[in-house]
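> Numbering follows the numbering used here, with no gaps: position 146 of the sequence shown is 1188.
There may be inaccurate statements among the hints.
[Claimed, not checked] Cross-link-like lysine-lysine pairs, in silico, DSS-like; alpha carbons within 30 angstroms at most:
#1 LYS1116 to LYS1133
#2 LYS1151 to LYS1116
#3 LYS1166 to LYS1145
#4 LYS1053 to LYS1209
[What the hints assert, rightly or not] Across the chosen pairs, the derived CB separations fall in these ranges:
#5 THR1060 to PHE1134: 54 to 64 angstroms
#6 ASP1146 to THR1060: 31 to 41 angstroms
#7 LYS1133 to ARG1196: 42 to 52 angstroms
#8 PHE1134 to VAL1183: 39 to 49 angstroms
#9 ASN1115 to ALA1066: 26 to 36 angstroms
#10 LYS1201 to LYS1166: 41 to 51 angstroms
It is worth saying that the hints were derived from the structure and are not from the lab. Glycine included, every Cβ here is placed at the ideal spot set by N, Cα and C.
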Amino acid sequence: MQFRIVTFGAKQASARLTNIGNRAVNARPAFEEIYLTILDIVDEIFDTEGERGGREGWLGLTPGHLRYKAKHNKDLRILRMDGDLHASVTKFKHPQQFSRIAKDHIVFKSTVPFADVHFHGQKKKGPGSRTPGTGAFTRGVPARPFIYFTEQDRRAFAKEILQHLIKTKQLRPTA
1043 MQFRIVTFGA KQASARLTNI GNRAVNARPA FEEIYLTILD IVDEIFDTEG ERGGREGWLG
1103 LTPGHLRYKA KHNKDLRILR MDGDLHASVT KFKHPQQFSR IAKDHIVFKS TVPFADVHFH
1163 GQKKKGPGSR TPGTGAFTRG VPARPFIYFT EQDRRAFAKE ILQHLIKTKQ LRPTA
């Protein structure tokens, strides 16, 4: 008795695995797509004033700060005083944005000087309290995270990378 194993399509399978390996080494095209998605996500976070993805929204502005913004013809929405912060994290390659898209990761942040204060918050010395009816702090700057990702976002990012990895390249027919 004799057994023979014959493989069909071994060259194509080998070429496809090689392509997947090459794409794994350089996932930059996937991260470029993810960068564009991040801009849309952050824009939605600003539009909902932090309520995206089931999160509770940002704390409201104090009455005094609202009066100041109205008096100086500023945007009354939270974190939109002059638009610099919003634009720096929602506009493609904005001058006040740091974004680096590499083969294996992406770095994205605002370079607006006060971005970190608004993102993480900053307490002033002395007693703080909430303004009745608004929930706004009267001392310091409350944290208002404007870049965050839901589990659904993370799955979409992973799917983008996976699609990049398994993208099939049309092989030329062999004669």
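> Against this structure, judge whether each hint is valid.
Hint check:
no.: 1; hint: LYS1116 to LYS1133; in the structure: 20 angstroms, holds
no.: 2; hint: LYS1151 to LYS1116; in the structure: 24 angstroms, holds
no.: 3; hint: LYS1166 to LYS1145; in the structure: 42 angstroms, violated
no.: 4; hint: LYS1053 to LYS1209; in the structure: 17 angstroms, holds
no.: 5; hint: THR1060 to PHE1134: 54 to 64 angstroms; in the structure: 33 angstroms, violated
no.: 6; hint: ASP1146 to THR1060: 31 to 41 angstroms; in the structure: 19 angstroms, violated
no.: 7; hint: LYS1133 to ARG1196: 42 to 52 angstroms; in the structure: 23 angstroms, violated
no.: 8; hint: PHE1134 to VAL1183: 39 to 49 angstroms; in the structure: 28 angstroms, violated
no.: 9; hint: ASN1115 to ALA1066: 26 to 36 angstroms; in the structure: 52 angstroms, violated
no.: 10; hint: LYS1201 to LYS1166: 41 to 51 angstroms; in the structure: 44 angstroms, holds
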